[in-house]
Each structure stands twice: as C-alpha cells, then as structure tokens.
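Participant: Each protein sequence line maps, in turn, to chains W and E.
Under numbering that gives the first Met the number 0, residues 0 to 462 are what the first sequence spells out, in order.
Under numbering that gives the first Met the number 0, residues 0 to 462 are what the second sequence spells out, in order.
Wrong hints could be hidden among the right ones.
The list treats identical chains as one, so a pair stands whether inside a single copy or across any two.
What the hints assert, rightly or not - 20 Å max Cα-Cα, derived SDA-like pairs, lysine to any residue:
#1 LYS97 - VAL123
#2 LYS363 - GLU247
#3 LYS347 - VAL53
#4 LYS36 - LEU18
By construction, these hints were calculated from the structure, which means they are not laboratory data.
2 protein chains.
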Amino acid sequence: MFLGVPFSIYYEEDALPLLLSGLISISLGLFLWLYFKKRSSNKELSNKDGYLVVTLGWISMSLFGMLPFLISGTIPSITDAFFETMSGFTTTGASILKDIEAAPKGILFWRSMTQWVGGMGIIVLTVALVSIIGVGGMQLFVAEAPGITPDKLKPRIKDTAKRLWLIYSGLTLSETAFLMFGDMPFFDAINHSLTTMATGGFSTKNASMAHYQSPYIQYVIIVFMFLAGVNFTLTYFGLKLKFKKVWENEEFKAYLSTIILFTIVTTVGILIYTDLPFEQAFRDGAFQVVSVITTTGFITADYTSWAPILTVLFFFFMFIGASAGSTAGGVKIVRHVILFKNSFLEMKRLLHPTSIIPVRLNKKAITQNITFNVLAFIMIYISVFVFGSIAVSLTGVDFLTTIGAVATSLGNIGPGLGKVGPVDNFSDLPQMAKWILSGLMLLGRLELFTVLILFTPYFWRKV
Amino acid sequence: MFLGVPFSIYYEEDALPLLLSGLISISLGLFLWLYFKKRSSNKELSNKDGYLVVTLGWISMSLFGMLPFLISGTIPSITDAFFETMSGFTTTGASILKDIEAAPKGILFWRSMTQWVGGMGIIVLTVALVSIIGVGGMQLFVAEAPGITPDKLKPRIKDTAKRLWLIYSGLTLSETAFLMFGDMPFFDAINHSLTTMATGGFSTKNASMAHYQSPYIQYVIIVFMFLAGVNFTLTYFGLKLKFKKVWENEEFKAYLSTIILFTIVTTVGILIYTDLPFEQAFRDGAFQVVSVITTTGFITADYTSWAPILTVLFFFFMFIGASAGSTAGGVKIVRHVILFKNSFLEMKRLLHPTSIIPVRLNKKAITQNITFNVLAFIMIYISVFVFGSIAVSLTGVDFLTTIGAVATSLGNIGPGLGKVGPVDNFSDLPQMAKWILSGLMLLGRLELFTVLILFTPYFWRKV
Numbered sequence: 000m001f002l003g004v005p006f007s008i009y010y011e012e013d014a015l016p017l018l019l020s021g022l023i024s025i026s027l028g029l030f031l032w033l034y035f036k037k038r039s040s041n042k043e044l045s046n047k048d049g050y051l052v053v054t055l056g057w058i059s060m061s062l063f064g065m066l067p068f069l070i071s072g073t074i075p076s077i078t079d080a081f082f083e084t085m086s087g088f089t090t091t092g093a094s095i096l097k098d099i100e101a102a103p104k105g106i107l108f109w110r111s112m113t114q115w116v117g118g119m120g121i122i123v124l125t126v127a128l129v130s131i132i133g134v135g136g137m138q139l140f141v142a143e144a145p146g147i148t149p150d151k152l153k154p155r156i157k158d159t160a161k162r163l164w165l166i167y168s169g170l171t172l173s174e175t176a177f178l179m180f181g182d183m184p185f186f187d188a189i190n191h192s193l194t195t196m197a198t199g200g201f202s203t204k205n206a207s208m209a210h211y212q213s214p215y216i217q218y219v220i221i222v223f224m225f226l227a228g229v230n231f232t233l234t235y236f237g238l239k240l241k242f243k244k245v246w247e248n249e250e251f252k253a254y255l256s257t258i259i260l261f262t263i264v265t266t267v268g269i270l271i272y273t274d275l276p277f278e279q280a281f282r283d284g285a286f287q288v289v290s291v292i293t294t295t296g297f298i299t300a301d302y303t304s305w306a307p308i309l310t311v312l313f314f315f316f317m318f319i320g321a322s323a324g325s326t327a328g329g330v331k332i333v334r335h336v337i338l339f340k341n342s343f344l345e346m347k348r349l350l351h352p353t354s355i356i357p358v359r360l361n362k363k364a365i366t367q368n369i370t371f372n373v374l375a376f377i378m379i380y381i382s383v384f385v386f387g388s389i390a391v392s393l394t395g396v397d398f399l400t401t402i403g404a405v406a407t408s409l410g411n412i413g414p415g416l417g418k419v420g421p422v423d424n425f426s427d428l429p430q431m432a433k434w435i436l437s438g439l440m441l442l443g444r445l446e447l448f449t450v451l452i453l454f455t456p457y458f459w460r461k462v
Numbered sequence: 000m001f002l003g004v005p006f007s008i009y010y011e012e013d014a015l016p017l018l019l020s021g022l023i024s025i026s027l028g029l030f031l032w033l034y035f036k037k038r039s040s041n042k043e044l045s046n047k048d049g050y051l052v053v054t055l056g057w058i059s060m061s062l063f064g065m066l067p068f069l070i071s072g073t074i075p076s077i078t079d080a081f082f083e084t085m086s087g088f089t090t091t092g093a094s095i096l097k098d099i100e101a102a103p104k105g106i107l108f109w110r111s112m113t114q115w116v117g118g119m120g121i122i123v124l125t126v127a128l129v130s131i132i133g134v135g136g137m138q139l140f141v142a143e144a145p146g147i148t149p150d151k152l153k154p155r156i157k158d159t160a161k162r163l164w165l166i167y168s169g170l171t172l173s174e175t176a177f178l179m180f181g182d183m184p185f186f187d188a189i190n191h192s193l194t195t196m197a198t199g200g201f202s203t204k205n206a207s208m209a210h211y212q213s214p215y216i217q218y219v220i221i222v223f224m225f226l227a228g229v230n231f232t233l234t235y236f237g238l239k240l241k242f243k244k245v246w247e248n249e250e251f252k253a254y255l256s257t258i259i260l261f262t263i264v265t266t267v268g269i270l271i272y273t274d275l276p277f278e279q280a281f282r283d284g285a286f287q288v289v290s291v292i293t294t295t296g297f298i299t300a301d302y303t304s305w306a307p308i309l310t311v312l313f314f315f316f317m318f319i320g321a322s323a324g325s326t327a328g329g330v331k332i333v334r335h336v337i338l339f340k341n342s343f344l345e346m347k348r349l350l351h352p353t354s355i356i357p358v359r360l361n362k363k364a365i366t367q368n369i370t371f372n373v374l375a376f377i378m379i380y381i382s383v384f385v386f387g388s389i390a391v392s393l394t395g396v397d398f399l400t401t402i403g404a405v406a407t408s409l410g411n412i413g414p415g416l417g418k419v420g421p422v423d424n425f426s427d428l429p430q431m432a433k434w435i436l437s438g439l440m441l442l443g444r445l446e447l448f449t450v451l452i453l454f455t456p457y458f459w460r461k462v
C-alpha cells in the first residue's frame, strides 16, 4: 500500500487513505504476530494447516486490501470494495469501477499491485511449493542438482522461489520499458505491466487496452500476456537458453498450438463476419484469444459483437486456462492434455479390457492417482460452474450474463458475456451476486481443492 | 410400418406409402440376408463387430425408417425426414413437423413406433446385453439363478430380453388404458403410450401434452414417464414384489430424490415468479422436471417462460438423464452418483495420499476401471457438447438456441432453449445444423463410445 504513496504525492492527491490503510494492516499484523509468537508451539505446518492458511490468507488479504478503496471513498460500498479486491488478489480483473480514470492514481496503483502480489503468491504456491501434477517447481532444482535429499529441500525451495520472483519482476520491468518505448506514459506502463504479468487485466483506462490504438503497444501486450501464461519454470530454462527442455514440454507445445489454432479460427471468423481489414482482424483476434486463454482479461475489441459463433467460442475459451505454474487461472492446459489423452485411451481400454493403459505425459507414464485427480478437478470445476450459475441466477441475473459472469470469475479472467461483456462491467449486478462471484474467484484461484477440502468431514476429523 | 396400415384404412387415408416403404425394406433386407447367408463364415461376433453392427444398424434403421415420411410427402425434404426418423429411433423427440395434426394418422403411428422400437432396442442393448456399469440385466438372472456358467448364458440372455420386452409392452398397454379412462381417444392414447415408455416424447398434437388440460391425464403421463426412467431390471423386481431390492438400489434412490428435489425447487420457482395457483404450479413443475430428467420431452408448459433462473436450471437438467437400463438417454443418474462420490473422495485422498480409496456403489467397492470409464464418459460427453455447439454455431444459429439444441439432442430429450424451446420446433434450423444434431442424437443414444470407437485407430488395427 505504501508503494502507492509516491504516486499520490506526485499527482498531488490525498496520500492519507493509503498511509492509513497500511498502518492499520501493519499494526494489526504486528499485534497478532507478537501475541501468537509466544504461544505458538513451533510445530511444523501439516498438510492440513497448509490448506487453511492459504484459504484464510487470501480472504484476509482481501479484507485488508479493500481498506484503501473504502477509506479514500473511491469505492464506498463494502460489497463492491471486497469484490474489487478479491478480483485483484485472485488476478481475475473483473471490475465494478465505472469511471476508472476518475479514481486517484495512488489508489489505482494499489489496485494493480493487488494483482501483482496475487500473481506472485500463486507462483510461490503452485510453482515453488505445491507442484500439482509433477510439472511444478520441484523439477527445477531436481533437474539442476541430482541426488537431492529432504533436508536440502527447504533452502532450495527458498532459492527457487527467489529465482522465480526475479524472473517475474524482470519481465514486469521489461514490459514497462517496452510500453514506454511505444509512448505509453510511465504510470500507465507500470500499471499495465503489473497486471499483465499477473494475468490480471486491471487497466487504468476505462476502455482497457482499446484506449491505445497503437498496434505496437497491443502487440507488446500480446507477447507479455503469452509469456505470463507460460510455466515460469520453463521461462527459467528459456532464459538459460535450454530451449530443448522448453520445446520437449508437452504442455508448452499444447499451449502454443492452442493459441495459434484459436487465433487463426478467430481471425477467419472476424474476416467473414465483419468488414475489418486483415491486420486488424488478426490483431484483434490474437489479442482477445491470448487475453482470454491466459485469463488476463484485457480487451481491445468486444468479442461478443462479432458473430454468434465467436461468442460461443469465447465462452468455451474461458474453460481452457494457460499453463500450470504460470500466473494464469482456469482449468490449465496440462489438465486438458491429460483429459484428452485419457478419453482417447478409454476406447483402447474398451477394446483391450485386460490390459492396463496409463496416460503418458512428457514421455513418462503418469500414475492413476494423478489422472484421477485431474479428472476429479475438471468434474468439480464443472459442478462448481453449474451450482455457481444456479446461485447467481437466483439473484435475478439473466441466463447469458450469469454463465458469462460465473465462467469468467471461476476462471479468473475478467470480462464475461451479456451484461458483463467486454465493454460492460460488474457494478450493476445484485449485491448477492457479487459475493457469490467473489467466492468463485477464490475457489478458482486456489484450484478448488484448497478451499473445498475445508468443507469436508475428512478435514476436521482428528487422526 | 405395416402396423400403421390399419390406422390408414380406418381413417380412410392412403395406405400405399406405408405398404410401399415396408415392402422396399423387406425386399432389400431379404436380398442382403440371402446374399450374405451363404458367404458368412458363421463366426461368432467379436466385441469389435458389436460396435460396428449397432452403429450401422441404427443408421440404416433411420435410412429406411424415413421412407414413409418421404413417400407420403408428409416430410418432403430428405434432411428433415432423416432428422425426424433419427429423432424417433434415438427416442429424442425433437421434431421438424410444424403441423403435426395435419399429418396422416398412419404416418403418425409409424412416427411413434420408431420411438417405441428405438426404446426396445436400447433395453436389449444396455439391459440384456451390455451391462455398462454392473447394474444391467446380467444381474437379473445371476440373482435368479446362482452358479451360472458361460454356456448357459446365451439362452438366459434371450430369456431376460423376453421378460423385459414383456414388461415394456405391458406398461405401454396399461398406460393406454389409463389414458383412455381419462377420455383420451384410442389413437392418441396408444401413440402417447408408445412414446412415453420409450422416453421419446413425439406427440400427435401440435401443443404436445399441453393439448390435454385434464390434470388426470397429465398425472398419468408423469407416473409413466417416471416408470420409463427406472432401470427395467428393478421394475421386474418391483413387479415380483421384491421391494427391498428396489429400495436398496442407490441409483433408484438418487433418481427418486433428484425428481422430488427438482420438482420442489421448480414448483417454488413457479410460485415465486408467476401467478399460477399451487396445484398447477406443482403439476407444471413436476411434469416438466420428470419430462426433462427422464429425457422424454413432452411438455405442458414452457419452462423457458417462467423466469431466468428456471431456464438455467432446465438447461442443466438436460445433463442429468434417468437410470441406466431404462429407455432414457443422457448421462444417467448412476454416473452422476459415481462422479459425486469420487469427487468427494478425492479430497479424502488428498489428505491421505498413501491409501487407496475406492468408490462404493450399492455397498460394493467398484473397480478403478469402472470409475475411470464413468469419468471418461462424462468428460467426452461434455467435449462432444462443446464441439457440437461450435459446429452448430458455425451454421449461423444463435448462442442460446445452439446450446439448447445440442444439449437436448445429445441427451435425447426433445425440446431445447431459445428458438428450439418447448413451444417451438426444429424446422427452421439450417440444413447442416439438422445433420449435426442427428449425429449428436445417435452419439448420445449409443452412449458415445459405441460410435466414437469406430473413429479410433485402435478399432481398425489388426490384432
């Protein structure tokens, strides 16, 4: 929050809301820390503690993170402020601000920071600590230092986390430089870079990226959105010029192919259904496809205005997600890869009922447990989408807006369909709908299990 | 086809189209039979042959089944006639006939027969022969005669099939009697009974069941739709008064609870959003819920006209389906039961990563293979829904109509959303869309794998 203060001063705004919010957060944090420091038993955190800490952590970050919005009066309603902050920390990017450009710069910087911090959090969580499906950060130092032992693991996790943060910060600064080179003012450049690398999508402009008609700027954003959707472990290998490792990774290949394929499809669609010239059709297509697939949510064009088929396509795009181990939300490409392979192999299994036919990823057979976990994840994702849609519908929102809002919140994307389409925003939704959607953002960001597991009897049962 | 001739004569219509179609089908069939009889090697059919025979069988039934429509001129277009016939044999019930009541009675009877025959076919397939998930007909005679041996199996399959057909025919006739008791004319009663028991939903009236405002008739239809959605093996036990066996069956319990729960929800919804009196709200709710869940597709009210939330709900209802081993299409309740249990257990697995935790159904642990198959089925179902929607969208159909038409075709239901909602029909869709939807009906009816397996390299590879 204090990082926004220089901007408040430079733009001659009231810096008090940010200072005050920062002080409140620090004091309460200090108090809790000191109070529990003596009483804590210094025990190692268990698996179970992990789930609780992460979920509660994200919620309390959002509770404190909304202070600057409330105190400054930029967002007077608690519902709206919580929605906006949760949308920030979960790197969703759905906004209830109707006139973004009228908000104080310091507050807007804090708004962008929530996304950047949220993205960082996810990298540490999924890349360095929890490698969901064997493709996370663990592989990074296992590959770097063979013969690793458990007691050497901890410093190395810290080490890995540091490297990844370095890449993250480095890419953010490079993007800022590239954008300024295209004549974007420094304030906008740094803000958009923070939210690009987090695949967040908060903009400092009312029209999002459509504000900048410069093709150069739009292409820069496309490239960095794409990079933000790559597994950061692979980016690390890429920077070390180990391109073979990158190219051999099946998820990366699938990610790249998905983007290329859907960009072509969308471009052709735009050319058929509208009168746009080729370069703009391609640029608009590529930008929107990369933005939705990477779950960033910047927009330069309204994807619901081209043609019905493209609206349908973009709705389904919301269920794809980029790479595991990136800042992107959603289902993630690697899960789709496993899903499709497994579905295909199921037919082979039907023809050869006695043989055991495992799914292979990166040339290795993956265990049945992982396949199960992936299928369960996707099924729960769809169930949450269904029940979330029913819940939001109950608040009186129409069908198209409902499924768009739920898909985009759960996938941490940003823009949806209908009344929450790319050129609209979420402010007019009923209060209850905003709370439900905030919950869905959290569920999606923490990959469902982390949150849902707290609601099972297994979690609370004493061993 | 010949069974329709008496109606043609009674109603003084031209009986020639039915006679001619029947003769053409018989002659071609006889010719093929005689020609291949000598040349066939009398080999047992393999698993692979089974998939091919069933898929091609359903397609050729539809090709010959459309002859009466074409020859009589009731449906002049081949696309429309094929769509209507496939919709019949797959027990879908989506129709392109704009003025059903103007069609000759003999032809309408044949139209209803396609559904009844299709329903029969499915019972034989899934109940007597292929017991998808261990809850099929096999259990019937295993339960009846312990210590069964493979060479005794064949006559018993025949025996089982006979019993099931007897129940099917018996229920159809009872329904006819019940409907006539409510003053429905014989012709309409027999037609609606044929299509109820098949969970098909073709009606002889333009307004479907809304034509009959008699609550008695509507309740009779509700009861028989419900029965048609029960596993026929359980119905057999029920008729033998072995109620414990019925009540202990988890799928039956889930089926009943689903219907009750969603009827309550829908009734409450109708009461809140419309001015209908309680009894009619309950009747309309129950009728539409049972109709969509059992994938029958009769309607007495427009479920898309009540409120946005109820439209959303009914869209999701299309993905439920009734019991395995009934004539219903769709995903089927037992798969949802396994899915939900597995999703829930996945969290337990996360907390106890070293233990093996299987899904239990009817108090028995089911094998991982079955769980895999169920998850793969549901995932492929959703993928087919997605790709089907994209394909239909490409023909220029709007979003809501597209997803409604695809969901209802794939689930073999009948009415959809938007322009193919309960009070509309499919005639105005583009030709291409009709072909795609016909294909989806077939895919759904034959439980995906049977058809899709033909398109894998594994199927055509020589062993």
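Participant: Between copies, within a copy, both or neither: which fits LYS347 and VAL53 at Cα up to 20 Å?
Facilitator: Answer is between; shortest inter-copy Cα gap is 18 Å, intra-copy 40 Å.
Participant: Is it within, between, both, or neither for LYS363 and GLU247, if the alpha carbons may be no more than 20 Å apart?
Facilitator: Answer is within; shortest intra-copy Cα gap is 12 Å, inter-copy 43 Å.
Participant: With identical chains treated as interchangeable, where does the CA-CA distance between LYS97 and VAL123 reach 20 Å or less: within a copy, between copies, both, or neither?
Facilitator: neither (33 Å within a copy, 61 Å between copies)
Participant: For the identical chains here, do LYS36 and LEU18 meet the 20 Å Cα criterion within one copy, between copies, both, or neither?
Facilitator: neither (26 Å within a copy, 91 Å between copies)
Comparing the model with each earlier hint shows violations of hints 1 and 4; every other hint is respected.
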